[in-house]
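S.K.: Below, each chain spelled out in residue letters.
2 protein chains.
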Amino acid sequence: MFKLYEFATSGNCYKLRLAMSYLEIDFERIEIDITKGESRTSEFLKINSNGRVPVLETPERKYLPESNAALWYLSSETDLMPEDKFDQAKVLQWMFFEQYSHEPFIATSRYWMHILDQEEQYKNELEEKSPKGYAALDVMEQHLEMETFFVGNKFSAADITLYAYTHVANEGGFDLSKYTAINDWFSRVENVKNYVSINE
Amino acid sequence: MFKLYEFATSGNCYKLRLAMSYLEIDFERIEIDITKGESRTSEFLKINSNGRVPVLETPERKYLPESNAALWYLSSETDLMPEDKFDQAKVLQWMFFEQYSHEPFIATSRYWMHILDQEEQYKNELEEKSPKGYAALDVMEQHLEMETFFVGNKFSAADITLYAYTHVANEGGFDLSKYTAINDWFSRVENVKNYVSINE
Numbered sequence: 239m240f241k242l243y244e245f246a247t248s249g250n251c252y253k254l255r256l257a258m259s260y261l262e263i264d265f266e267r268i269e270i271d272i273t274k275g276e277s278r279t280s281e282f283l284k285i286n287s288n289g290r291v292p293v294l295e296t297p298e299r300k301y302l303p304e305s306n307a308a309l310w311y312l313s314s315e316t317d318l319m320p321e322d323k324f325d326q327a328k329v330l331q332w333m334f335f336e337q338y339s340h341e342p343f344i345a346t347s348r349y350w351m352h353i354l355d356q357e358e359q360y361k362n363e364l365e366e367k368s369p370k371g372y373a374a375l376d377v378m379e380q381h382l383e384m385e386t387f388f389v390g391n392k393f394s395a396a397d398i399t400l401y402a403y404t405h406v407a408n409e410g411g412f413d414l415s416k417y418t419a420i421n422d423w424f425s426r427v428e429n430v431k432n433y434v435s436i437n438e
Numbered sequence: 239m240f241k242l243y244e245f246a247t248s249g250n251c252y253k254l255r256l257a258m259s260y261l262e263i264d265f266e267r268i269e270i271d272i273t274k275g276e277s278r279t280s281e282f283l284k285i286n287s288n289g290r291v292p293v294l295e296t297p298e299r300k301y302l303p304e305s306n307a308a309l310w311y312l313s314s315e316t317d318l319m320p321e322d323k324f325d326q327a328k329v330l331q332w333m334f335f336e337q338y339s340h341e342p343f344i345a346t347s348r349y350w351m352h353i354l355d356q357e358e359q360y361k362n363e364l365e366e367k368s369p370k371g372y373a374a375l376d377v378m379e380q381h382l383e384m385e386t387f388f389v390g391n392k393f394s395a396a397d398i399t400l401y402a403y404t405h406v407a408n409e410g411g412f413d414l415s416k417y418t419a420i421n422d423w424f425s426r427v428e429n430v431k432n433y434v435s436i437n438e
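Residue numbers (this note's numbering), protein chains in the order written: chain B, 239 to 438; chain H, 239 to 438.
Treat the hints with caution; some may be incorrect.
Because identical chains cannot be distinguished in the list, a pair is counted as satisfied if it fits within a single copy or across any two copies.
[Claimed, not checked] Dumping the calculated PhoX-like pairs for lysine-lysine here, alpha-carbon to alpha-carbon at most 20 angstroms:
1. K241 - K323
2. K431 - K392
3. K431 - K274
4. K323 - K300
5. K416 - K300
6. K416 - K392
7. K300 - K370
8. K300 - K431
To be clear, the hints were calculated from the coordinates, so they are not data collected in a lab.
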């Protein structure tokens, strides 16, 4: 059976729960409390030397860190991944966009405000992250004004990647009310089969 | 023919030149000077709404932003990509590691010091980036103490991704002298067929 080493409220970990629910893959959940340093213990560093969650353990007991690499592994050769090679590269394009231009601003702001509950202590950092997070949301909105999903107008791993932290961006202080196309896309994602919320 | 929209001294752009040289793929180079805002013009934003280089244009005139997505596209089904699906996911693991835990610290420091030549102006930011860049180098060193290349002891797209900015990390103020395993790996990469330097 697959095992998911996760901090449940992390969007990066939620990506893999959403994918495995969609794909009807059974898995065991193992909670690693990153606020208590549990991803930096010598035991955990043996399965991910970079000291981060999630890590996906395969039924063959092999370990895969990096949420989007694990999501790619689960999605490959399923209907979460387009068949065309160029479209597969477009899925990866949005995954790299998410990790470079979106997650460091939106997820990190949410971590400080919502998980650590330290909005005052991180006031300056939050102000610095804000315009970069909104820039990522603007890129998404512009794309979704023309497309129903991120690649090929069909639900794919690219949507799972971007949905994970975008739909809780308000918990990082981002006002989503003006993003009409993003909100409509939330509804489409939430209507796919076997959808589970981040709190389940 | 492929076209590469690039800022030549950028490691992200160099990844694609190194891969296309190895794979003996002809391509045209189109310089986009990011220090003059040329990646943010309305014309360029039509090919990448996120306003970044590189962008790879395929012979079919389709555009692919994000260096590692384009590198994956070029490498897929060639000997730069392992055949085993789990090993393919390991290549992606290192690509996501590079974009999240390595590039924002090492490449950004190099940009300020080496490309903009503004070490003094960015003194505080450089101090903040330094420990995170060294942490990424430590993860690489630890891995390369046991392996000759990043995945499956064979040169792959994962090595191209990580070589691009690591071998010029000194230009971002990082002292590489103590990283014996990384320096040995540099030599192995520089001996693969059709190797080209970042200045070519």
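S.K.: Against each hint, give a clear statement of whether it holds in the structure.
M.R.: Now for the hints, and whether the structure bears them out:
no.: 1; hint: K241 - K323; in the structure: between (29 angstroms within a copy, 18 angstroms between copies)
no.: 2; hint: K431 - K392; in the structure: within (13 angstroms within a copy, 40 angstroms between copies)
no.: 3; hint: K431 - K274; in the structure: neither (35 angstroms within a copy, 47 angstroms between copies)
no.: 4; hint: K323 - K300; in the structure: between (26 angstroms within a copy, 12 angstroms between copies)
no.: 5; hint: K416 - K300; in the structure: neither (43 angstroms within a copy, 31 angstroms between copies)
no.: 6; hint: K416 - K392; in the structure: neither (24 angstroms within a copy, 49 angstroms between copies)
no.: 7; hint: K300 - K370; in the structure: neither (36 angstroms within a copy, 27 angstroms between copies)
no.: 8; hint: K300 - K431; in the structure: neither (28 angstroms within a copy, 32 angstroms between copies)
Of the numbered hints given earlier, the model fails hints 3, 5, 6, 7, 8; all others are met.
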